[in-house]
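Protein chains: 2
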Amino acid sequence: MPVRTLYHLPLDPGSRAVRILLGEKRLEVALKTEQVWKRRESFLRLNPAGEVPVLVEEDGTSLPGALVIAEYLDEVYSEPPLIGADPLDRAEVRRLAVWFFGKFAREVSTNLIEEKVTKRFLGMGEPNASAIRAGLANIHYHLDYIAWLSERRRWLAGDLFSLADIAAAAHLSALDYLGDVPWEEHPGARDWYARIKSRPSLRPILADLIPGMTPPRHYPDPDF
Amino acid sequence: MPVRTLYHLPLDPGSRAVRILLGEKRLEVALKTEQVWKRRESFLRLNPAGEVPVLVEEDGTSLPGALVIAEYLDEVYSEPPLIGADPLDRAEVRRLAVWFFGKFAREVSTNLIEEKVTKRFLGMGEPNASAIRAGLANIHYHLDYIAWLSERRRWLAGDLFSLADIAAAAHLSALDYLGDVPWEEHPGARDWYARIKSRPSLRPILADLIPGMTPPRHYPDPDF
Chain A
85 MPVRTLYHLP LDPGSRAVRI LLGEKRLEVA LKTEQVWKRR ESFLRLNPAG
135 EVPVLVEEDG TSLPGALVIA EYLDEVYSEP PLIGADPLDR AEVRRLAVWF
185 FGKFAREVST NLIEEKVTKR FLGMGEPNAS AIRAGLANIH YHLDYIAWLS
235 ERRRWLAGDL FSLADIAAAA HLSALDYLGD VPWEEHPGAR DWYARIKSRP
285 SLRPILADLI PGMTPPRHYP DPDF
Chain B
85 MPVRTLYHLP LDPGSRAVRI LLGEKRLEVA LKTEQVWKRR ESFLRLNPAG
135 EVPVLVEEDG TSLPGALVIA EYLDEVYSEP PLIGADPLDR AEVRRLAVWF
185 FGKFAREVST NLIEEKVTKR FLGMGEPNAS AIRAGLANIH YHLDYIAWLS
235 ERRRWLAGDL FSLADIAAAA HLSALDYLGD VPWEEHPGAR DWYARIKSRP
285 SLRPILADLI PGMTPPRHYP DPDF
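Listed in order, the protein sequences are those of chains A and B. Quick note: the first sequence uses the working numbering, first residue 85, plus one each step. Quick note: the second sequence uses the working numbering, first residue 85, plus one each step.
No lab work stands behind these hints, which were simulated from the structure alone. Treat the hints with caution; some may be incorrect.
[What the hints assert, rightly or not] Mimicking DSSO-like on lysine-lysine, the simulated pairs with C-alpha atoms at most 30 Å apart in a straight line are:
#: 1; chain 1: A; residue 1: 187; chain 2: B; residue 2: 116
#: 2; chain 1: A; residue 1: 116; chain 2: B; residue 2: 109
#: 3; chain 1: B; residue 1: 200; chain 2: B; residue 2: 187
#: 4; chain 1: A; residue 1: 116; chain 2: A; residue 2: 187
#: 5; chain 1: A; residue 1: 122; chain 2: B; residue 2: 203
#: 6; chain 1: A; residue 1: 200; chain 2: A; residue 2: 122
#: 7; chain 1: A; residue 1: 187; chain 2: A; residue 2: 200
#: 8; chain 1: B; residue 1: 187; chain 2: A; residue 2: 109
#: 9; chain 1: B; residue 1: 187; chain 2: B; residue 2: 116
#: 10; chain 1: B; residue 1: 187; chain 2: B; residue 2: 203
#: 11; chain 1: A; residue 1: 109; chain 2: A; residue 2: 203
#: 12; chain 1: B; residue 1: 109; chain 2: A; residue 2: 187
#: 13; chain 1: A; residue 1: 122; chain 2: A; residue 2: 187
#: 14; chain 1: A; residue 1: 200; chain 2: B; residue 2: 109
#: 15; chain 1: A; residue 1: 203; chain 2: B; residue 2: 116
#: 16; chain 1: B; residue 1: 203; chain 2: B; residue 2: 109
#: 17; chain 1: B; residue 1: 109; chain 2: A; residue 2: 203
#: 18; chain 1: B; residue 1: 200; chain 2: B; residue 2: 116
#: 19; chain 1: A; residue 1: 203; chain 2: A; residue 2: 116
#: 20; chain 1: B; residue 1: 187; chain 2: A; residue 2: 203
#: 21; chain 1: A; residue 1: 187; chain 2: A; residue 2: 109
#: 22; chain 1: B; residue 1: 200; chain 2: B; residue 2: 122
#: 23; chain 1: B; residue 1: 122; chain 2: A; residue 2: 187
#: 24; chain 1: B; residue 1: 187; chain 2: B; residue 2: 109
#: 25; chain 1: A; residue 1: 116; chain 2: A; residue 2: 200
#: 26; chain 1: B; residue 1: 116; chain 2: B; residue 2: 203
#: 27; chain 1: A; residue 1: 187; chain 2: A; residue 2: 203
#: 28; chain 1: B; residue 1: 200; chain 2: A; residue 2: 187
#: 29; chain 1: B; residue 1: 187; chain 2: B; residue 2: 122
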């Protein structure tokens, strides 16, 4: 019997981030797809916000939201540390995690994933073309920022692979499934993402296929 | 000479939250109003996201974003602890902090503050009536949730006053300045907020007046 359960959606960046975190810490998990739009009562008891990801530990403890889960896992299962060593390193990791879960989500991922995936699966009509245009325009400066950071540091927040890299990779991997990441124009960001893709924690995510949606050929390939 | 500087905006909930945090920890701070829309270069170097709050410590360390600052302050100035004692308490505090900084901001505060304040000060034209309607409609279930939590717990996240209360109070105090909190329909939430208002950490915030905008009479009064 698995020790813990993650309620998730396959293209939800927060859910992907938690799967990578668990993989890095070598913690086993059973996945349950949660159709959040159905607002199941027993799921709302786990997370009144009605959103994935929610991690349920063996003892029934439920933890909602990628940032909350990340802080909890780093406190309880400290190896390897994924939120930095001293308070300043930790602030830099969190600054970038909030950048991707907040700003990048608002400016890029939500525009693309909601319009292209959520609406389609829920039969909510045609995607909003101006939201998609905004997402595709905004992604460029974020990729430039990733390249700028990884020219100056080994990983996004410093010497160590961290939640900052995980947050960025979780968002970009979901968008890459949709073919919406212009890697060829951003070789610096591509080199960073190639290093991430070769990590064992990414493999199960990159192997997931969503019925009716085929990712581009380069999607699972670390040499792309 | 003050030990630290906070770049802020008077009605920005994140900035208010940091001021309350600093007050609770009895840390002195000098305030600088940052007109973020001017995108000053030296401010962008402090926070590439171009947003307030940004806290600059005496040694020049800059910390951007309410959640990042809160975690940093709780690590470096541990008394009184404002993010809970054990990992589960801490997860509950963070769940609610993310609720207010994320969900409440998206569903309520941004709709009201952007439309009524930001647009007006920047001369960006008429407020969007449907955004305002959405904000005013959504606030009710959040106030019900605050009442529900505070019937069951001494403070929102448990026995201790925490970042969860601070995040909620920061948002509600900004909206209360606009006269947009229907306290009379939500006595449970009002009782919780009355307890918050009587804390010394709130006083400087409730005494701030924004030129050209008068808050309702009850705004600074703990017995309202």
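Structure-based check of all given hints:
no.	hint	result
1	A:187 - B:116	24 Å, holds
2	A:116 - B:109	42 Å, violated
3	B:200 - B:187	19 Å, holds
4	A:116 - A:187	28 Å, holds
5	A:122 - B:203	36 Å, violated
6	A:200 - A:122	19 Å, holds
7	A:187 - A:200	19 Å, holds
8	B:187 - A:109	29 Å, holds
9	B:187 - B:116	28 Å, holds
10	B:187 - B:203	22 Å, holds
11	A:109 - A:203	34 Å, violated
12	B:109 - A:187	29 Å, holds
13	A:122 - A:187	27 Å, holds
14	A:200 - B:109	46 Å, violated
15	A:203 - B:116	43 Å, violated
16	B:203 - B:109	34 Å, violated
17	B:109 - A:203	46 Å, violated
18	B:200 - B:116	22 Å, holds
19	A:203 - A:116	21 Å, holds
20	B:187 - A:203	20 Å, holds
21	A:187 - A:109	27 Å, holds
22	B:200 - B:122	19 Å, holds
23	B:122 - A:187	19 Å, holds
24	B:187 - B:109	27 Å, holds
25	A:116 - A:200	22 Å, holds
26	B:116 - B:203	21 Å, holds
27	A:187 - A:203	22 Å, holds
28	B:200 - A:187	22 Å, holds
29	B:187 - B:122	27 Å, holds
The earlier numbered hints that this structure contradicts are 2, 5, 11, 14, 15, 16, 17.
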